[in-house]
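Residue numbers (this note's numbering), protein chains in the order written: chain A, 120 to 637; chain B, 120 to 637.
Incorrect hints may appear among the rest.
Copies of the same chain are indistinguishable here, so a pair counts whether it falls within one copy or spans any two.
Pairs of lysine to any residue residues, derived as SDA-like cross-links and limited to a Cα-Cα distance of at most 25 Å, are as follows [as the list claims (entries may be wrong)]:
(1) K438 - R252
(2) K156 - V581
(3) K408 - F395
(4) K577 - G316
(5) K331 - T572
(6) K256 - N457
(7) K331 - A312
(8) K401 - P286
(9) K551 - C597
(10) K256 - N289
(11) K577 - N121
(12) K379 - A363
(13) K401 - T572
(14) K156 - I566
(15) K156 - V377
(16) K331 - T268
(17) K551 - D595
(18) K488 - G608
(19) K408 - L375
(20) K551 - A598
(21) K577 - G283
(22) K577 - E637
(23) K156 - K577
(24) K438 - W244
(25) K551 - A267
(26) K401 - T221
(27) K156 - D590
(28) K401 - N457
(29) K331 - Q475
No wet-lab data here; the hints were simulated from the structure.
Given the structure is predicted, the values throughout are model-derived calculations rather than measurements.
There are 2 protein chains.
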Amino acid sequence: MNGADLLCDTLLLNGVNICFANPGTSEMHFVAALDRKTDMRCVLGLSEAVVTGAADGYARMADKAAATLLHCGPGLANGLSNIHNARRARTPMVNIVGDHATYHLELDAPLTSDIEGLARAMSHWIGRVGHLRDIRKCTEAALLAAYATRGPSTLILPSDAAWGEVPLENISPIKRPEPPTVDPASLAACVRALRGGLNTAIFLSGQAVREKALIPAARISAATGAQLFSTSSGRYERGAGRIAVRSVPYSIDVALNVLKEIQVAICVGSGQPVGFFAYPGKPGTLLPKGCQIIQLAGHEHDLPQVLASLAEALGLSDKAPYVANTLRQDEIADPATNALTADTISIIVARRLPEQAIIIDESITSGGKYYALADMLPPHDLLPLTGGAIGIGIPLASGAAIAAPGRKVVALQADGSGMYTVQGLWTQAREKLNVLTIVYANRAYRILQGEMTNVGVKAYGVNARRMLELDEPRLDWCALARGMGVEAGRAQTALEFSRLFEAGLAANGPFLIEAVIE
Amino acid sequence: MNGADLLCDTLLLNGVNICFANPGTSEMHFVAALDRKTDMRCVLGLSEAVVTGAADGYARMADKAAATLLHCGPGLANGLSNIHNARRARTPMVNIVGDHATYHLELDAPLTSDIEGLARAMSHWIGRVGHLRDIRKCTEAALLAAYATRGPSTLILPSDAAWGEVPLENISPIKRPEPPTVDPASLAACVRALRGGLNTAIFLSGQAVREKALIPAARISAATGAQLFSTSSGRYERGAGRIAVRSVPYSIDVALNVLKEIQVAICVGSGQPVGFFAYPGKPGTLLPKGCQIIQLAGHEHDLPQVLASLAEALGLSDKAPYVANTLRQDEIADPATNALTADTISIIVARRLPEQAIIIDESITSGGKYYALADMLPPHDLLPLTGGAIGIGIPLASGAAIAAPGRKVVALQADGSGMYTVQGLWTQAREKLNVLTIVYANRAYRILQGEMTNVGVKAYGVNARRMLELDEPRLDWCALARGMGVEAGRAQTALEFSRLFEAGLAANGPFLIEAVIE
Numbered sequence: 120m121n122g123a124d125l126l127c128d129t130l131l132l133n134g135v136n137i138c139f140a141n142p143g144t145s146e147m148h149f150v151a152a153l154d155r156k157t158d159m160r161c162v163l164g165l166s167e168a169v170v171t172g173a174a175d176g177y178a179r180m181a182d183k184a185a186a187t188l189l190h191c192g193p194g195l196a197n198g199l200s201n202i203h204n205a206r207r208a209r210t211p212m213v214n215i216v217g218d219h220a221t222y223h224l225e226l227d228a229p230l231t232s233d234i235e236g237l238a239r240a241m242s243h244w245i246g247r248v249g250h251l252r253d254i255r256k257c258t259e260a261a262l263l264a265a266y267a268t269r270g271p272s273t274l275i276l277p278s279d280a281a282w283g284e285v286p287l288e289n290i291s292p293i294k295r296p297e298p299p300t301v302d303p304a305s306l307a308a309c310v311r312a313l314r315g316g317l318n319t320a321i322f323l324s325g326q327a328v329r330e331k332a333l334i335p336a337a338r339i340s341a342a343t344g345a346q347l348f349s350t351s352s353g354r355y356e357r358g359a360g361r362i363a364v365r366s367v368p369y370s371i372d373v374a375l376n377v378l379k380e381i382q383v384a385i386c387v388g389s390g391q392p393v394g395f396f397a398y399p400g401k402p403g404t405l406l407p408k409g410c411q412i413i414q415l416a417g418h419e420h421d422l423p424q425v426l427a428s429l430a431e432a433l434g435l436s437d438k439a440p441y442v443a444n445t446l447r448q449d450e451i452a453d454p455a456t457n458a459l460t461a462d463t464i465s466i467i468v469a470r471r472l473p474e475q476a477i478i479i480d481e482s483i484t485s486g487g488k489y490y491a492l493a494d495m496l497p498p499h500d501l502l503p504l505t506g507g508a509i510g511i512g513i514p515l516a517s518g519a520a521i522a523a524p525g526r527k528v529v530a531l532q533a534d535g536s537g538m539y540t541v542q543g544l545w546t547q548a549r550e551k552l553n554v555l556t557i558v559y560a561n562r563a564y565r566i567l568q569g570e571m572t573n574v575g576v577k578a579y580g581v582n583a584r585r586m587l588e589l590d591e592p593r594l595d596w597c598a599l600a601r602g603m604g605v606e607a608g609r610a611q612t613a614l615e616f617s618r619l620f621e622a623g624l625a626a627n628g629p630f631l632i633e634a635v636i637e
Numbered sequence: 120m121n122g123a124d125l126l127c128d129t130l131l132l133n134g135v136n137i138c139f140a141n142p143g144t145s146e147m148h149f150v151a152a153l154d155r156k157t158d159m160r161c162v163l164g165l166s167e168a169v170v171t172g173a174a175d176g177y178a179r180m181a182d183k184a185a186a187t188l189l190h191c192g193p194g195l196a197n198g199l200s201n202i203h204n205a206r207r208a209r210t211p212m213v214n215i216v217g218d219h220a221t222y223h224l225e226l227d228a229p230l231t232s233d234i235e236g237l238a239r240a241m242s243h244w245i246g247r248v249g250h251l252r253d254i255r256k257c258t259e260a261a262l263l264a265a266y267a268t269r270g271p272s273t274l275i276l277p278s279d280a281a282w283g284e285v286p287l288e289n290i291s292p293i294k295r296p297e298p299p300t301v302d303p304a305s306l307a308a309c310v311r312a313l314r315g316g317l318n319t320a321i322f323l324s325g326q327a328v329r330e331k332a333l334i335p336a337a338r339i340s341a342a343t344g345a346q347l348f349s350t351s352s353g354r355y356e357r358g359a360g361r362i363a364v365r366s367v368p369y370s371i372d373v374a375l376n377v378l379k380e381i382q383v384a385i386c387v388g389s390g391q392p393v394g395f396f397a398y399p400g401k402p403g404t405l406l407p408k409g410c411q412i413i414q415l416a417g418h419e420h421d422l423p424q425v426l427a428s429l430a431e432a433l434g435l436s437d438k439a440p441y442v443a444n445t446l447r448q449d450e451i452a453d454p455a456t457n458a459l460t461a462d463t464i465s466i467i468v469a470r471r472l473p474e475q476a477i478i479i480d481e482s483i484t485s486g487g488k489y490y491a492l493a494d495m496l497p498p499h500d501l502l503p504l505t506g507g508a509i510g511i512g513i514p515l516a517s518g519a520a521i522a523a524p525g526r527k528v529v530a531l532q533a534d535g536s537g538m539y540t541v542q543g544l545w546t547q548a549r550e551k552l553n554v555l556t557i558v559y560a561n562r563a564y565r566i567l568q569g570e571m572t573n574v575g576v577k578a579y580g581v582n583a584r585r586m587l588e589l590d591e592p593r594l595d596w597c598a599l600a601r602g603m604g605v606e607a608g609r610a611q612t613a614l615e616f617s618r619l620f621e622a623g624l625a626a627n628g629p630f631l632i633e634a635v636i637e
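Okay, chain A solo, but in the shape it has when bound:
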């Protein structure tokens, strides 16, 4: 066997049996090895942003690392923006980047570039197979780091390591590292704060917004009055039977207002909430001056366990009461209008959302109403854009559908962001994925039009219009979808949208609705 075989076998033995890929010449021995592994499923993306975004969606739903195969520095570069999102979602992921043979690098052939340099900004771990004998150890280290740090690992595989012969060896699965224990002093500080009667908020992120963590958090909230907030997280378990958590608002002014009374902030996962962007004369952090901040645990901890420990330290048993959402989907009123707006779309989606659906949210300015209704819906998952790098929706939906084949994926997709990775629709068609994509066709980078107003520009001219509007020419999303083998329809009224939404729910493969909300 060769090095590529050993790498694949190590992945498979550790449960990584899917590889999202767009290989090139330097990866041909790896492709040949993958071809020999019938237990490995290879999914092609027509650009690397599709590959990495799909791997992220897969890992968020499968709760295990996904592997990607990328071609040299430029292939990695194309995938970096969605690796950035995966990093912010705390997604375990192993990106295997092929490189020239070790001895070829000094020649600076056309495709040569500093792969480590490119990877560093978006990776928690970087390794290069320096010698063939290290290939198993390197692969295991990449996986261990992805799990221990909850984030992307980059494993650089020179082609001579892929093609070199290695002896057969007995390999056994890695043992995932035990998470660190929580600091008793921080735990005690939280107990004091929660018993102190001050206005306390718990900021939850990553694994702390999963159902298992939210139940003890909800007990704490019920017993102490602490408010629960979420900051950027890769996956939310929402709907009936689950716990309501308020997102920290994106708008700086709204966020400052919502948080202005907080006296103690307990952070579980990420740190204190901060502004998505800076604005002249406005603060970057969102908590009021003098607010006490306690960092109870980071993402390397077992966050459900951390919250259970906190509940226990507060004397709350497994029987302690908490408030869960109740199913109220049938209370959502018919929009009773035929005008198609962003909110009408959310209402129609909410009224008909099936149980165990997976919502992908890259709706940017259009999906707000869904958030107002989510707690009334049947149990479902929400995978949002985490790192602000647009172009995640279509691939994220693809990966989620691969991880959860029995469930309906409903992707709320802004048009401008969707065009970033539109080629991802082809992967949905090829893999016959159960994804219903709703494109909010407002023909603009609407969020930026709002931000122009925020920076004080009220009327703007040709250049700003040319950069912020997408209406000339109008994109025909149905043609684009069909051109890649995805069934599609256009809705200009609420009735048309409802009918297409029913058709999309019934479809047994990908379906796209161009929802015109100009």
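Got chain A sorted already, so can you dock chain B onto it with the hints?
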């Protein structure tokens, strides 16, 4: 005025009057400034790989730097693969990357990343506007570096530098640095070699393959028998009246065979020719053992002047004879077959190519026959893929068309590579660009199928097929083009292709032909 205004004014004063862009929130003050500059043309790309590829095409044809505007680390990352190609094409380019306000960075907001780290691998120069007072100096330094090093500069603009108020100042255009003079010892070594009767080859790249450089090179070749070869270059001036130069072949075996008799290699621009990839048991460099290598000049030199100096040192006057191509377009025989193949397409294109056309070549495995015919054609330019990072064709064509509005751009486009930046067709429609794109629809990453054979795999299974073939489902390129406002037609026979090619030549805007060559 604010910092963003001063930055724009500095660009404009130095002749940079086009900005390829995809801005985000942190660039809103810059967008507002661009909006106040009516002399600046802003061209939107629907992903950053479109933006940077178009800037490259523009700069290659305009012979001056293009500017881009990119949004934070992820926006830069999306554009890096085409910046890599621009770096290999030695294209002067200033990439302006917006970042958070300086004081916001430490908060590690969701979009924060190490922009310098990302930029380093693909940039010749990196600068960050650390203080508002440096904004003009930084912009000038970025431009100077782009010209002096012939490559991409990255200028990072924190939003507080963009929005900060600066005093009005009188600014004057930068003076481009004088290129270094050529080393007399190297020049003398070349003269000795060329007079020594050994089998000598001159390897030309960058500005050394432009007409002005090739004329003295051709005189040297005529007087001494030295062969002229080209290695990777951004722009070739080809056809009648120009000088024939042989490309170093991509195939390692063919290249080794072509170069096996060379005893002295004179390198003008890049270094000695090297294999695009490494293969087991094959050398990485292409020149035979013992071949003398003289590096006469690098890309920082004035290469036309260097070659003129070498001709002069050899005693060749401006009257010395040389061999130029003669127009023989009408000798190209009709393919006399109705079967549409890659070669048939090249022949039909060659027979009808108009004078001063600009050929964009991202045909990968399909365009070879064009190269065999190019010297017979009317004078035209060729802009090839330089750095091996696919996804350049559609944007490169767009930028070239913007730089040369009176000329017909004919893009030879592989289907797999084309899908990387398919969203670039929208920019062609919006800007009404005179681009005729020919998609070689072979429904596969054909080059990789060949490379699989090269690594010894003759028959392959499901996983390799899933990664190398694009036939399931088939892409409907006409639907994709029309979905973005580009007129299109499908050709399955040579006759259909000829008719569509005529229609495309006559069109006054973008046109796409899906040429089916399965």
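Status of each hint after checking the structure:
Taking identical chains as interchangeable, the C-alpha atoms of K438 and R252 are never at most 25 Å apart, the minima being 54 Å within one chain and 63 Å between chains. Taking identical chains as interchangeable, the C-alpha atoms of K156 and V581 lie at most 25 Å apart only when they sit on different chains, with a minimum of 10 Å there against 55 Å within one chain. In this assembly of identical chains, the alpha carbons of K408 and F395 lie at most 25 Å apart only when taken from the same copy (19 Å versus 58 Å across copies). Taking the shortest alpha-carbon separations for K577 and G316, neither the intra-copy value of 45 Å nor the inter-copy value of 73 Å comes in at or below 25 Å.
Proximity of K331 and T572 under a CA criterion of 25 Å is satisfied in neither setting, with 41 Å inside one chain copy and 51 Å between copies. In this assembly of identical chains, the alpha carbons of K256 and N457 never lie at most 25 Å apart, being 61 Å within a copy and 57 Å across copies at closest. For a Cα distance limit of 25 Å, the shortest separation of K331 from A312 inside one copy, 23 Å, qualifies, whereas the shortest one across copies, 77 Å, does not. Taking the shortest Cα distances, K401 and P286 sit within 25 Å of each other only across copies (24 Å), while inside one copy they are farther apart (62 Å).
In this homomeric assembly, K551 and C597 come within 25 Å of each other (Cα to Cα) both inside a single copy, at 17 Å, and across copies, at 22 Å. Taking identical chains as interchangeable, the C-alpha atoms of K256 and N289 lie at most 25 Å apart only when both belong to the same chain, with a minimum of 13 Å there against 61 Å between chains. For a Cα distance limit of 25 Å, the shortest separation of K577 from N121 across copies, 17 Å, qualifies, whereas the shortest one inside one copy, 63 Å, does not. Taking identical chains as interchangeable, the C-alpha atoms of K379 and A363 lie at most 25 Å apart only when both belong to the same chain, with a minimum of 21 Å there against 73 Å between chains.
When the C-alpha separation of K401 and T572 is checked against a cutoff of 25 Å, the pair qualifies only within one copy, where the shortest distance is 16 Å, while the shortest distance between copies is 61 Å. When the C-alpha separation of K156 and I566 is checked against a cutoff of 25 Å, the pair qualifies only between copies, where the shortest distance is 23 Å, while the shortest distance within a copy is 45 Å. In this assembly of identical chains, the alpha carbons of K156 and V377 never lie at most 25 Å apart, being 53 Å within a copy and 39 Å across copies at closest. In the homo-oligomer, the alpha carbons of K331 and T268 lie at most 25 Å apart inside one protomer (20 Å), although the nearest pairing across protomers, at 56 Å, exceeds that limit.
Within a single copy, K551 and D595 get their C-alpha atoms as close as 22 Å, and across copies as close as 17 Å, so both meet the 25 Å cut-off. In the homo-oligomer, the alpha carbons of K488 and G608 lie at most 25 Å apart inside one protomer (23 Å), although the nearest pairing across protomers, at 42 Å, exceeds that limit. In this assembly of identical chains, K408 and L375 lie within 25 Å of each other by CA distance solely inside one copy; the values are 11 Å within and 70 Å between copies. When the C-alpha separation of K551 and A598 is checked against a cutoff of 25 Å, the pair qualifies both within a copy, at 18 Å, and between copies, at 20 Å.
Taking identical chains as interchangeable, the C-alpha atoms of K577 and G283 lie at most 25 Å apart only when they sit on different chains, with a minimum of 19 Å there against 63 Å within one chain. Taking the closest pair of Cα atoms, K577 and E637 come within 25 Å of each other only inside a single copy of the chain (20 Å); across copies the shortest separation is 53 Å, beyond that limit. In this assembly of identical chains, K156 and K577 lie within 25 Å of each other by CA distance solely across copies; the values are 17 Å between and 59 Å within a copy. With identical chains, the CA atoms of K438 and W244 are never at most 25 Å apart, being 41 Å at best within one copy and 62 Å at best between copies.
When the C-alpha separation of K551 and A267 is checked against a cutoff of 25 Å, the pair qualifies neither within a copy, at 33 Å, nor between copies, at 52 Å. In this homomeric assembly, K401 and T221 come within 25 Å of each other (Cα to Cα) only across copies, at 14 Å, whereas the closest approach inside a single copy is 50 Å. Within a single copy, K156 and D590 get their C-alpha atoms only as close as 47 Å, which misses the 25 Å cut-off; across copies the closest is 22 Å, which meets it. In this assembly of identical chains, K401 and N457 lie within 25 Å of each other by CA distance neither inside one copy nor across copies; the values are 40 Å within and 68 Å between.
Taking the shortest Cα distances, K331 and Q475 sit within 25 Å of each other inside one copy (17 Å), while across copies they are farther apart (67 Å).
This entry does not satisfy hints 1, 4, 5, 6, 15, 24, 25, 28, going by the numbered hints stated previously.
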